[in-house]
Amino acid sequence: MPIVTRPDFLPGLPKWSRKTLFALALFGICFAFAFPVLWLILTSLRPESGVYYVHRGTEFTLASFAEVLTDDRIVSAFLNSALISTLATIFSLLVTVSSGYMLSRFTGPASRIWFGTIYVFRCIPYISWVLPLYFVTQSWGLYDTYTGLLLPHVAVHICFFSWLMKGFFDGIDPSMEYAAMIDGCTRWGAFIRVAIPSALPAISALAVLCWLFTWNEFLFALILTGNRVPMITVVMAQFVTEMGLRWNLMAATAVMALVPAFLVALFGQKYVIRGLRI
Amino acid sequence: MFGEQQRFMLFLIAPAALLMLLFQVLPIVIGANASFRDWALYNPKKIWVGFSHYYAVLSDPAFLYTVLPNTFLFMILSVAGALVAGLALALLLNRPFRGQKLVQTILLVPLMVAPVVAAIMIRWMFNDQFGIVNTVLEAIGLEGQPWLVQRWSAFGIILLTDIWLWTPWFTLLLLAGLQSLPKEPFEAAAIDGTTTWRVFRFLTLPMLRPVIVVCVVIRAIDAFRTFDIVWTLTGGGPGRSTELFSLYAYVHAFLNLDLGRGSAAAIIGGLIILVIGVVLYRLVDRIAKA
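So the protein sequences, as listed, match chains A and B. Each residue of the first sequence is one higher than the last, beginning at 1 in our numbering. Each residue of the second sequence is one higher than the last, beginning at 1 in our numbering.
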């Protein structure tokens, strides 16, 4: 028998009412967290004429989705966002895993300076460097191109993810790497063949987070892209102002923007939780 | 020139450092330069004007009496709200019950929702004519409100959206923290018959403090630069009453086309948060060492 019995929820009440109250509380919390999304999905399924009375109608249709999918701008925005998110994830991992490893395995001035730099840049608000980045990308001919959006996204992830990666590597015992080096492995060999495989759960967690952050990002896409590379978040925000009254189309687009993120998170959830626990 | 170890360290951080140099350091330098010039999109001469943009921003009543108080109020309330809700949910999920996995998945939903999408959902729910919130209020005999065109209700909704979005982040990290706490102190407290509140107050909270502090610091810094939900929910309106710092810089640079003044505002905000960030970091360091 375990020594610790969990403290009861609201002690003093009879057991059955405690259980009911607990279930009700749980239901209320889940409802509060899920309701906006459910409401959005419901709205997206209503026909144009019924969208203003979402709660009353019984008529459902997929017409809004079909209409949204005929809009070239929205379709290309989806493809662009998916492409940029995937590429940004790959490049960010390539860059931050090694930087986090350096922070974790070495102490001394170089490591401290690098950590300080990362922390300072993490604090600087996005607007302070994305705003002038608008001129930089324009003068380099990168404005409104894939590269011009991808590289700033990779750059913004460096600070936070190096920091997280450092924490993950801190939780992994380095003695395996020392053993490998004694057996004749180079430092690179120890890093690539020993440290990276044991950090794989954490790296997958980072990949999921990175993909979601990029997919959801708005400010960069707003400032660094124009008509050639529309991104889904920007297209949706424009929707609100330009087509504010057609809420069914708005909701259908938003629901479609949720789907990839849900899939990534659903399959990635266990990696995220496991990765954060190391 | 360098030893083998130094070269290894350098190569590990070189790609990251290069990217940061090109896409963060360089733009900041260019932005600083722009903030001292009369740099407007329609006026390419870029005349040096010294500190006059800084003076203009710092003497702008909209910046001093609306934007700055809004930003700080938003930062404090959003972090406090998400911390309290996140901690409560983490404590809830830390006890076993039937359906625990399902509840956990539902609670993580907002983490996957793009802030822009969240803002769209909330904007639709709080729509003054057709939104579900007003419909429900009217059904139970209360008067519907034009939520997003009144200053404080609009501000409250922005705040609520932000707390909804970020509570799961706190829950996830605090739950991970809770589950890695040692069991023995809790067993000792159980044997002594300590009350639930005292266990929380004198055991859980102090042991969880390092995790809490790190979460708060990260979140506070991020809350300071919030842009997307405000932009999509109210656009800073009604009037400019819900404008936050990032929005102020953006509006001046890209809507008023005054890049010099926008850059100056961005740099002032950057300096403010840098000071806060360094102070908070000292705090983390002290708590981690204590």
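Calculated from the structure, these hints are not laboratory results. Please note that a few of the clues may not be correct.
The following label-pair restraints were derived from C-beta to C-beta distances [to be verified]:
{"id": "1", "chain 1": "A", "residue 1": "ILE196", "chain 2": "B", "residue 2": "PRO185", "range": "57 to 63 Å"}
{"id": "2", "chain 1": "A", "residue 1": "LEU24", "chain 2": "B", "residue 2": "LEU26", "range": "31 to 37 Å"}
{"id": "3", "chain 1": "A", "residue 1": "ILE196", "chain 2": "B", "residue 2": "GLU4", "range": "19 to 25 Å"}
{"id": "4", "chain 1": "A", "residue 1": "ALA82", "chain 2": "B", "residue 2": "GLU4", "range": "29 to 35 Å"}
{"id": "5", "chain 1": "B", "residue 1": "GLU4", "chain 2": "A", "residue 2": "ARG193", "range": "16 to 22 Å"}
{"id": "6", "chain 1": "A", "residue 1": "ILE182", "chain 2": "B", "residue 2": "PHE51", "range": "56 to 62 Å"}
{"id": "7", "chain 1": "A", "residue 1": "ILE196", "chain 2": "B", "residue 2": "GLY99", "range": "20 to 26 Å"}
{"id": "8", "chain 1": "B", "residue 1": "ALA188", "chain 2": "A", "residue 2": "ASP170", "range": "41 to 47 Å"}
{"id": "9", "chain 1": "A", "residue 1": "ALA82", "chain 2": "B", "residue 2": "GLN145", "range": "53 to 59 Å"}
{"id": "10", "chain 1": "B", "residue 1": "PHE254", "chain 2": "A", "residue 2": "ILE182", "range": "56 to 62 Å"}
{"id": "11", "chain 1": "A", "residue 1": "ARG246", "chain 2": "B", "residue 2": "SER153", "range": "21 to 27 Å"}
{"id": "12", "chain 1": "B", "residue 1": "PRO69", "chain 2": "A", "residue 2": "ALA82", "range": "23 to 29 Å"}
{"id": "13", "chain 1": "B", "residue 1": "ARG198", "chain 2": "A", "residue 2": "ARG274", "range": "49 to 55 Å"}
{"id": "14", "chain 1": "A", "residue 1": "GLY226", "chain 2": "B", "residue 2": "TRP197", "range": "19 to 25 Å"}
Virtual Cβ for every residue (Gly too), placed ideally from N, Cα, C.
> Does the Cβ-Cβ separation between A:GLY226 and B:TRP197 fall within 19 to 25 Å?
Replying inline: About 57 Å separates the Cβ atoms of A:GLY226 and B:TRP197, which means 19 to 25 Å is violated.
> Taking the beta carbons of A:LEU24 and B:LEU26, is their distance inside 31 to 37 Å?
Replying inline: Violated, since A:LEU24 and B:LEU26 (Cβ atoms, about 56 Å apart) do not stay within the stated range.
>> Looking only at beta-carbon atoms, does the pair A:ILE196, B:PRO185 fall within the given range of 57 to 63 Å?
In response: violated (36 Å)
> At the C-beta level, are A:ALA82 and B:GLN145 separated by a distance inside 53 to 59 Å?
Replying inline: Given about 39 Å between the Cβ atoms, the range is violated.
> Per the hint of 21 to 27 Å, is the separation of the Cβ atoms of A:ARG246 and B:SER153 within bounds?
Replying inline: The hinted range 21 to 27 Å holds for A:ARG246 and B:SER153, with Cβ atoms some 25 Å apart.
>> Between the beta carbons of B:ARG198 and A:ARG274, is the distance compatible with 49 to 55 Å?
In response: Roughly 32 Å apart at Cβ, these two residues miss the hinted range, so it is violated.
>> Looking only at beta-carbon atoms, does the pair B:PRO69, A:ALA82 fall within the given range of 23 to 29 Å?
In response: Violated: the Cβ-Cβ distance is about 40 Å, outside 23 to 29 Å.
>> Against the range 56 to 62 Å, how does the distance between the Cβ atoms of B:PHE254 and A:ILE182 compare: consistent or not?
In response: holds (58 Å)
>> Holds or violated: the 56 to 62 Å window for the beta-carbon distance between A:ILE182 and B:PHE51?
In response: holds (60 Å)
> So the hint says 20 to 26 Å: do the beta-carbon atoms of A:ILE196 and B:GLY99 match that?
Replying inline: violated (37 Å)
> Okay, A:ALA82 versus B:GLU4 on CB: inside 29 to 35 Å?
Replying inline: violated (42 Å)
> Do the Cβ positions of A:ILE196 and B:GLU4 conform to the proposed distance bound of 19 to 25 Å?
Replying inline: For A:ILE196 and B:GLU4 the Cβ distance comes to about 20 Å; the hint holds.
Of the numbered hints stated above, those contradicted by the structure are hints 1, 2, 4, 7, 8, 9, 12, 13, 14, listed in ascending order.
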